[in-house]
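*Asks:* Spelled out, the chains give:
There are 2 protein chains.
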Amino acid sequence: MRSNYLGIDLGGTEVKLAIVDKKGKILEQDSFPNSCPSDPKKVVKNIITLFKKMKNRKSIKSTGIGVAGDVDQEKGVVRFSPNLKWKNIKLLKLLKPSLPNPIIIDNDANAAAWGAYWLETKGRARNLLCITLGTGIGGGIVFNGKLYHGASGTAGEIGHVTLVPHGLRCNCGNKGCIERYLGANYLVAQAKEKLKKNRSKIIENLTNGNIENISPKILAKAANRGDKISKNVWKVAGERLGTVLASIVNLLNPEIIVLAGGVSKAGSLLLKPIKETIKKNAFATSYRNCRIL
Amino acid sequence: MRSNYLGIDLGGTEVKLAIVDKKGKILEQDSFPNSCPSDPKKVVKNIITLFKKMKNRKSIKSTGIGVAGDVDQEKGVVRFSPNLKWKNIKLLKLLKPSLPNPIIIDNDANAAAWGAYWLETKGRARNLLCITLGTGIGGGIVFNGKLYHGASGTAGEIGHVTLVPHGLRCNCGNKGCIERYLGANYLVAQAKEKLKKNRSKIIENLTNGNIENISPKILAKAANRGDKISKNVWKVAGERLGTVLASIVNLLNPEIIVLAGGVSKAGSLLLKPIKETIKKNAFATSYRNCRIL
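Top to bottom, those sequences are chains A and B.
Under my numbering, think of the first position of the first sequence as 39, with each following residue one higher.
Under my numbering, think of the first position of the second sequence as 39, with each following residue one higher.
Next up, chain A with everything else stripped away, as it sits in the complex (with noise of 0.2 Å):
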């Protein structure tokens, strides 16, 4: 009896294997390293090899795969991936042959999105936005009861809503966009600035003197015992966020968002000023009516 599943994470810096059960339950789980810019030949070849060892890999009903990147999830494509440093690579293809069918490919946000849709509400709620914090931002949408993909499939781009008109120059040639204030690097070298005109002993103490270990991991360290300037990082990241999201809830009016990926580990650190400013910017109703997670 099929009725397990395959979901596979294919990240630049790591590809992550697991089956779970249908309740999302995971069984069983295994990883490689994967090396940046990688050949798609080799980590098809590696997924499937480590696919083949997998004890429960009899009981697949199906396969959703993630991609840090712009997929084309209709043919299966992915269309360009700057952490791969792919473009065009016909991955449903070179898949298909070993993998258990049917075979999903999708953006990973998308693949969080949709997630958090299943696990976190049951599948019952009608609208809901998943934001991944981490290196980047990226973010996903499901519209009544469905991924929501778009004119051409790249929806979703939360990272790339302007936060400050004329800002800060973002890789994605715009200028002022929530990731450049906001990823994982970007929150680092805010609080290394800090460090040059004010000494904080806790960081000093967690980072072994070594301002290079700085990481958003010690800033929530940090932050949780009692060092300013790491709060205060949070506190203006939970407000820049909280922002761009009062917009969204304005606009959008979403039941529910999901803040997912390494970054939002900071916990209240980072959902109190969010909170507290969609409350102070957006519709009380919509503010009302929007459960964040």
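These are calculated hints, taken from the structure and not from any lab test.
These numbers come from a predicted model, not from an experiment.
Virtual Cβ for every residue (Gly too), placed ideally from N, Cα, C.
If a hint is listed, it holds; no wrong ones were tucked in.
In the DMTMM-like style, the derived pairs of lysine to aspartate or glutamate whose C-alpha atoms are separated by at most 20 Å in a straight line are: (1) B/Lys213 x A/Glu314; (2) B/Lys213 x A/Glu277; (3) A/Lys213 x B/Glu314; (4) A/Lys213 x B/Glu277; (5) B/Lys184 x A/Glu293; (6) B/Lys317 x A/Asp108; (7) A/Lys184 x B/Glu293; (8) B/Lys80 x B/Asp47; (9) A/Lys125 x A/Asp108; (10) A/Lys317 x B/Asp108.
Far from chain B by the CB rule (all over 12 Å, computed), these chain A residues: (11) Met39; (12) Pro75; (13) Lys79; (14) Asn84; (15) Asn94; (16) Pro138; (17) Asn139; (18) Ile142; (19) Asn243; (20) Asn251; (21) Lys259; (22) Lys303.
Keeping the supplied structure of chain A fixed, place chain B upon it in accordance with the hints.
*Replies:* The following block gives chain B in isolation, referenced to the frame of chain A:
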């Protein structure tokens, strides 16, 4: 054979009725002035009186009503309308006995979006955004052939997307909303401000020397006659709306954006800087796949 439709535009200064055929062609129309605050029962009575005088009244299949305000579409209740000064008015209940059923009541910008979807795309677009530019800025969204209302019916409030964080105070309570920079009155105010420092013979001619006569219509006329102040007002307005629309293009990857409402009549004065800004700021594929009408 009942094959026509009754449409009603219920606004703060005027109430318009029209009977249209199945292709959207207006067969007859009439209107009456509305004073604000307006008594709902009186408005309903006036609507019914006017409808009873219409020649094609026996040919109506169903009725659609757009109201300037926050509407509960499922219950047919006007929850709040600042323009009419209405709160929780059971409009459907009041009209049901006297107008052709079924009756659909929605926010006026949502009604405009549905009209644009029906008439401009013949129901063929998969997704569409309609933006109404007038005293205020409204919006409506069509996804997968359906009007999108969001979790509590208020989706589409494009006017209250933040353009400038911590910017000018908007009526909604937030700061820096795009409406605060692009609403008809604000465009006029910007022109007046500039006229304090510089003279414009073209505007003086068009307003008979009285600056109080300036309107978006006059600013468009003046710009088309080469007036620098007016041209600049439209350029800046287009760039501002373009900034917000570039974010929305990245977020929603819409197939079509329709600009409607009085201020949109400025035409290419507004459309040109809008398109240039979106092209500059949004993802290339998303921009290429979006038609702006």
